[in-house]
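J.: Chains as they are written, first to last, in the numbering used here: chain A, 1 to 189; chain B, 1 to 135.
Since the hints were derived computationally from the structure, they do not count as laboratory data.
One thing to keep in mind: the hints can contain errors.
Claimed, not checked - DSSO-like mimics (lysine-lysine), calculated; alpha carbons at most 27 angstroms apart, straight line:
#1 Lys85(B) <-> Lys30(B)
#2 Lys89(B) <-> Lys184(A)
#3 Lys184(A) <-> Lys58(B)
#4 Lys30(B) <-> Lys58(B)
#5 Lys184(A) <-> Lys151(A)
#6 Lys124(B) <-> Lys89(B)
#7 Lys184(A) <-> Lys65(B)
#8 Lys151(A) <-> Lys3(B)
#9 Lys124(B) <-> Lys151(A)
#10 Lys89(B) <-> Lys22(B)
#11 Lys124(B) <-> Lys85(B)
#12 Lys22(B) <-> Lys85(B)
#13 Lys30(B) <-> Lys3(B)
#14 Lys58(B) <-> Lys124(B)
#15 Lys124(B) <-> Lys30(B)
Stated by the list, open to error - A few chain B residues that face chain A, going by a derived Cβ cut-off under 8 angstroms, partial list only:
#16 Arg21
#17 Lys22
#18 Arg26
#19 Pro28
#20 Glu29
#21 Pro40
#22 Val92
#23 Ser93
#24 Val116
#25 Leu122
Said to hold, decoys possible - From the structure, some residues in chain A lie toward chain B, with a derived Cβ separation under 8 angstroms:
#26 Asn71
#27 Leu185
#28 Ala187
The C-beta atom is built at its ideal place from N, Cα and C for all residues, glycine as well.
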Amino acid sequence: MIDMATRKRASTKLVARQPVVPVARITTADATASSIYLPSTQSSVTEGVSTGSSLDLLLRVSAQDASGAFNVAIAPTNYVLQAIANAWQSRHHQEIATLVNVVNWQHGMLDYNARYNAYLLEQISQEEFESASQELAYEPVELQPQDLIEKIRTVLSLTGIDYTPSDFASLFRCREDVVHSALKLMADQ
Amino acid sequence: MTKYTQVGSSVEGASLGLQTRKFLQRPPEKDSVLGIVVYPFKLGIFGLAHIAAELAPKTAIWSTKSALSLGDELHGESISGRSEKPLSKPAVSAATGTHRASFITTRGRSFAIIEVGVRALLQKKAISDKSNERK
Chain A
1 MIDMATRKRA STKLVARQPV VPVARITTAD ATASSIYLPS TQSSVTEGVS TGSSLDLLLR
61 VSAQDASGAF NVAIAPTNYV LQAIANAWQS RHHQEIATLV NVVNWQHGML DYNARYNAYL
121 LEQISQEEFE SASQELAYEP VELQPQDLIE KIRTVLSLTG IDYTPSDFAS LFRCREDVVH
181 SALKLMADQ
Chain B
1 MTKYTQVGSS VEGASLGLQT RKFLQRPPEK DSVLGIVVYP FKLGIFGLAH IAAELAPKTA
61 IWSTKSALSL GDELHGESIS GRSEKPLSKP AVSAATGTHR ASFITTRGRS FAIIEVGVRA
121 LLQKKAISDK SNERK
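Kindly produce the complete structure, drawing on both the sequences and the hints.
T.: Below, the structure is given as structure tokens:
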């Protein structure tokens with residue numbers, strides 16, 4: 001536990017400019033299992049600005065070496081959460097975008113095949129089906145094989161489905177030869 | 001009249017006869033070669049595609065390796081293709097002694113090619129590279 005006097009000092013002075021600000025180094029002689037007292041001489045924690053009346057901090061206690069000393073660091077909770085969110089987003093952003101693409105593609109396929117079924121069941125005429133089909137027609141985009149490599153890898157690893165080259169051409173709305181070129185580059189790597 | 005089973009083999013004709021037990025239509029796309037909307041499709045579970053009507057003149061536009069003669073046919077686990085017109089209604093009838101299948105005749109210039117899953121393609125390339133290393 002941190003004594004109230006120290007906590008009060010921290011509440012008015014602590015908000016780190018850096019993600020984590022070291023505030024103290026305590027030896028095992030200073031700490032017991034039930035209480036850890038921050039030393040009163042904590043000049044390093046006086047840096048930074050106050051967030052005002054709302055105080056929300058994370059305290060980290062770690063033992064980084066065999067000397068038995070503790071390192072204590074403190075940081076604003078929202079700063080830490082934001083850093084975690086940013087790291088997660090940068091790692092998964094591409095995966096999410098690719099999966100959204102897959103979902104939209106599948107949705108379009110279901111929609112189109114539903115129209116075809118309606119035609120097969122004679123709920124709409126051939127002319128109506130062809131007219132509706134024309135509305136869904138798209139123009140293939142010009143992509144470079146290098147643009148597809150990571151996307152293909154992501155789809156294969158996340159879905160586990162063994163798509164064919166024509167599936168990928170339909171998914172990414174590109175020409176099939178571009179998919180083949182991308183696969184060749186993947187195989188060569 | 002030749003039967004092709006190798007991955008990458010293709011046929012092109014004024015009309016193709018298709019046979020399959022698993023049939024998937026894909027949304028139409030504007031074809032970069034023809035400049036018109038074409039209708040892609042995919043056949044699964046041992047699809048078959050044969051040339052029901054030859055092109056006149058017999059000139060391939062989607063793949064220079066395409067077979068073009070009447071009766072030339074593809075047999076494959078997975079066949080993809082496209083046609084100038086949407087596929088019409090399939091006729092379901094006996095395909096083998098034990099199975100029935102959908103039979104469809106495409107309308108307009110049509111193309112079909114045997115393909116396999118990407119994993120098999122990548123593996124095949126890896127195996128091919130390995131066997132080349134041994135030589």
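J.: For every hint, state whether the structure bears it out.
T.: Hint check:
Under the criterion of a C-alpha separation no larger than 27 angstroms, the hint pairing Lys85(B) with Lys30(B) is consistent with the structure, at around 12 angstroms. At roughly 37 angstroms between alpha-carbon atoms, Lys89(B) and Lys184(A) are farther apart than 27 angstroms, so this suggested pair is violated. Using a Cα cut-off of 27 angstroms, the hinted pair Lys184(A) and Lys58(B) is violated, with the two alpha carbons roughly 31 angstroms apart. A threshold of 27 angstroms between alpha carbons decides the hint, and for Lys30(B) with Lys58(B) the separation of about 23 angstroms falls inside it, so the pair holds.
Of the supplied pair hints, the one linking Lys184(A) and Lys151(A) holds, its CA atoms being roughly 14 angstroms apart against a limit of 27 angstroms. Restraint check for Lys124(B) and Lys89(B): not satisfied, since their Cα atoms lie roughly 37 angstroms apart, outside the 27 angstroms limit. The suggested pairing of Lys184(A) with Lys65(B) holds, with an alpha-carbon distance near 19 angstroms, which does not exceed 27 angstroms. In summary, the hint linking Lys151(A) to Lys3(B) is not supported, as the alpha carbons are separated by about 35 angstroms, beyond the 27 angstroms threshold.
The hinted pair formed by Lys124(B) and Lys151(A) meets the criterion: a straight-line CA distance of about 21 angstroms does not exceed 27 angstroms. Between Lys89(B) and Lys22(B), the direct Cα distance comes to roughly 14 angstroms. Compliance with the 27 angstroms bound is thereby established for this hinted pair. At most 27 angstroms may separate the alpha-carbon atoms for a hinted pair to count; Lys124(B) and Lys85(B) exceed this at roughly 35 angstroms. In summary, the hint linking Lys22(B) to Lys85(B) is supported, as the alpha carbons are separated by about 20 angstroms, within the 27 angstroms threshold.
The straight-line distance between the Cα atoms of Lys30(B) and Lys3(B) is roughly 30 angstroms, outside the 27 angstroms bound, and the hint therefore fails. With a C-alpha separation of about 32 angstroms, the suggested pair Lys58(B) and Lys124(B) falls outside the 27 angstroms cut-off, and the hint is violated. Using a Cα cut-off of 27 angstroms, the hinted pair Lys124(B) and Lys30(B) is violated, with the two alpha carbons roughly 32 angstroms apart. With 8 angstroms as the threshold, the beta carbon of Arg21(B) stays out of range of chain A, its nearest partner Cβ sitting at about 16 angstroms, so the hint is violated.
With its C-beta approaching chain A no nearer than about 12 angstroms, Lys22(B) sits outside the 8 angstroms limit, and its interface hint is violated. Contact between Arg26(B) and chain A, as hinted, is supported at the beta carbon level, the nearest pair being about 5 angstroms apart and thus within 8 angstroms. Checking Pro28(B) against chain A by beta carbon gives a least distance of about 4 angstroms; that is within 8 angstroms, so the hint holds. Satisfaction of the interface hint for Glu29(B) is found here, the shortest Cβ-Cβ separation to chain A being roughly 5 angstroms, below the 8 angstroms cut-off.
With 8 angstroms as the threshold, the beta carbon of Pro40(B) comes within range of chain A, its nearest partner Cβ sitting at about 7 angstroms, so the hint holds. The restraint placing Val92(B) at the interface with chain A is violated, with a minimum CB-CB distance near 11 angstroms, outside the 8 angstroms limit. Annotation: interface hint on Ser93(B) violated; nearest CB of chain A at approximately 16 angstroms, more than 8 angstroms. For the restraint placing Val116(B) at the interface with chain A, the shortest Cβ-Cβ distance is roughly 7 angstroms, inside the 8 angstroms limit, so the hint holds.
Taking 8 angstroms as the C-beta cut-off, the interface hint given for Leu122(B) holds, the closest approach to chain A being about 5 angstroms. For the restraint placing Asn71(A) at the interface with chain B, the shortest Cβ-Cβ distance is roughly 48 angstroms, beyond the 8 angstroms limit, so the hint is violated. At a threshold of 8 angstroms, the smallest CB-CB gap from Leu185(A) to chain B is about 11 angstroms, leaving the interface hint violated. Interface restraint check for Ala187(A): the shortest CB-CB distance to chain B comes to about 4 angstroms, inside 8 angstroms, so the restraint holds.
Hints 2, 3, 6, 8, 11, 13, 14, 15, 16, 17, 22, 23, 26, 27 from the earlier list are contradicted by this structure; the remaining hints agree with it.
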